[in-house]
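Asker: Based on the hints, put chain B in the right spot on chain A.
Residues per chain are reported as follows:
Protein chains: 2
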Amino acid sequence: MTAGANERVWTAALLIIGDEILSGRTQDKNVAQVAIWLNIQGIRLSEVRVVSDNMDAIGDAVRSLGGQHDYLFTTGGIGPTHDDITVDAIAAAFGVPVIVHPEARAVLEDYYLTRGGLTEARLRMARVPEGAVLIENRYSGAPGVQFGNIFIMAGVPHIAAAMLDSLTGTLEGGLPVLSATVGCWVAESEIADLLASTERAYEGVQIGSYPFFREGKTGANFVIRSTSQTVLDDCVKALSDGLEADGFPAVADGI
Amino acid sequence: MTAGANERVWTAALLIIGDEILSGRTQDKNVAQVAIWLNIQGIRLSEVRVVSDNMDAIGDAVRSLGGQHDYLFTTGGIGPTHDDITVDAIAAAFGVPVIVHPEARAVLEDYYLTRGGLTEARLRMARVPEGAVLIENRYSGAPGVQFGNIFIMAGVPHIAAAMLDSLTGTLEGGLPVLSATVGCWVAESEIADLLASTERAYEGVQIGSYPFFREGKTGANFVIRSTSQTVLDDCVKALSDGLEADGFPAVADGI
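Those sequence lines, one after another, are chains A and B. If you're matching positions, the first sequence starts at 753 in my numbering and goes up one per residue. If you're matching positions, the second sequence starts at 753 in my numbering and goes up one per residue.
Check before you lean on any hint, since a few could be wrong.
[Unchecked claim] Short, incomplete list of chain B residues facing chain A, as computed with Cβ under 7 Å:
no.	residue
1	L774
2	Q779
3	A787
4	R801
5	V802
6	D835
7	L947
8	N973
[Said to hold, decoys possible] Think about it this way: if two alpha-carbon atoms lie no more than 27 Å apart in a straight line, the pair counts; the simulated DSSO-like pairs of lysine-lysine are:
no.	chain 1	residue 1	chain 2	residue 2
9	B	K969	B	K989
10	A	K781	B	K781
11	A	K969	B	K781
12	A	K989	A	K969
13	B	K969	A	K781
[Said to hold, decoys possible] Distance ranges between label pairs, derived from CB positions:
no.	chain 1	residue 1	chain 2	residue 2	range
14	A	I792	B	G847	22 to 30 Å
15	B	E861	A	F964	45 to 53 Å
16	B	E924	A	R815	46 to 54 Å
Source of the hints: derived by calculation from the structure; they are not laboratory data. Even glycine gets a Cβ: it sits at the ideal position worked out from N, Cα and C.
So here's chain A without its partners, still in its complex pose (with noise of 0.2 Å):
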């Protein structure tokens, strides 16, 4: 079942910015920190899209999801080079013209200055579409940037990380989704019934099946979420009982 009537949901959309994922060359790692990230902040990641390094298709995306979303996060795209271009495809995107932003260049003058100078390639990095702020970036030196409801962080996981972890608090949400996991030796379409009604027996309530195929032998792992802690134990406790009445002991936290 979807959400209880009076419960406001936040969701968030995160672009991801890169040639290197749609080539296969690189396994994302962004889109797992961000969901845990967010739903810590009571906002749930309902979308996600990866485009090219392409005015265009990022222009389009950011237009799309920033509009269906309370929040939309970008990752890539951010640095010195020729294909950094998100920050000139957004303010593109909205119709106002990029900036260096005073602040974000005094970072870059601070950071750069052991290590070879601000050159101009690196002062790219200190461009933002007007009426930006910063996101801080303890890593190295160059800010993410908060346009509107859009928030541009880096590519590089850990440099993600790090930005996130500057807007922890920050960002107004609902309930974070509450999660526990049942594990049991059975196909999944031998219970098949026993989840739809379960699931449909509490509200707000969403259960996933996660089947495998280990060691010889067929599993499950069902995933219940909720934002209610008493509804989450209660439908678990429904579930095992459940699984264990049709002959299928549950094993609790999964398997």
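Answerer: Chain B only, in chain A's frame:
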């Protein structure tokens, strides 16, 4: 630069359907394998979306992506449980009924002959949008589904891989993208102009810059992509020579 003027570029999108990716519970493993397989077929993965197990979200995405690209691949949501709604969502999005495909039913009857029989839940996996054809699944019985230019595959990576394998050589494509990597112990910002001018000088070439920081040293890998081996080789040589001229030895095949 973009592709050569006379080159027809075939593109595909990948739609990943699954709350488990959006919650951060499961790390996606399909983007990279689909991207690499597509490139061998001469098709470029141009966009990826991840949406939740929701009829409207899936429907909106398949209509949008299926119309924008030559091919659309989906992963996830084709099992026997209540959260497996991909076929229903795609059929609804295109206004066609869902039918039980006779050949899929026969495949499942055979597969479950020694596995407890074909129950109603298992028969869900024979359901397809009317007009669809099957994609062979040599691992676990339940087939994939081709509906127009949409290829509906399992989310489990090794089953998705088997479905891709059964499609190998059957899709029309263009020239595969060839790539080569040049590594260098340099801060990418030091040679940003060289990267941009080298990319501009070779038609149809893209150069991606992927910096790293290892063992206290700053470096980067530059990935050069082209559909022409000659152009690729020439560009690799030009970039390597340019790096050497700037005092930074190039490392063939990357660091």
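Asker: Decide, hint by hint, whether the structure agrees.
Answerer: Hints, verified against the model:
1. The criterion of a C-beta within 7 Å of any C-beta in chain A is met by B/L774, whose closest approach is roughly 5 Å, and the hint holds.
2. Taken as an interface hint, B/Q779 checks out: its beta carbon lies about 6 Å from the nearest beta carbon of chain A, inside 7 Å.
3. Checking B/A787 against chain A: minimum C-beta separation of about 3 Å stays under 7 Å; hint holds.
4. Hint status for B/R801: holds, given a least beta-carbon distance of 5 Å to chain A, under 7 Å.
5. Of the supplied interface hints, the one on B/V802 holds, with its beta-carbon coming within about 4 Å of a beta-carbon of chain A, less than 7 Å.
6. Among the interface hints, the one on B/D835 holds; its C-beta lies about 6 Å from the nearest C-beta in chain A, closer than the 7 Å criterion.
7. For B/L947, the interface hint holds, since its Cβ comes within 7 Å of a Cβ in chain A; the closest pair sits about 5 Å apart.
8. For B/N973, the suggested interface contact is broken, since its CB lies about 9 Å from the closest CB of chain A, more than 7 Å.
9. The hinted pair formed by B/K969 and B/K989 meets the criterion: a straight-line CA distance of about 24 Å does not exceed 27 Å.
10. For the hint pairing A/K781 with B/K781, the CA-to-CA distance comes to about 11 Å; that is within 27 Å, so the pair holds.
11. Restraint check: the Cα-Cα separation between A/K969 and B/K781 comes to about 23 Å, which is no more than 27 Å; the hinted pair holds.
12. Restraint check for A/K989 and A/K969: the C-alpha separation of about 24 Å stays at or below 27 Å, so the hint holds.
13. For a cut-off of 27 Å, the pair hint linking B/K969 to A/K781 stands: about 23 Å separates their Cα positions.
14. Checked against the hint of 22 to 30 Å, the pair A/I792 and B/G847 fails, with Cβ atoms roughly 41 Å apart.
15. Evaluation of the 45 to 53 Å hint for B/E861 and A/F964 yields a failure: the beta carbon distance comes to about 24 Å.
16. Judged by the Cβ atoms, the range 46 to 54 Å given for B/E924 and A/R815 is violated: they are separated by roughly 32 Å.
In this structure, the hints that do not hold are numbers 8, 14, 15, 16, in rising order.
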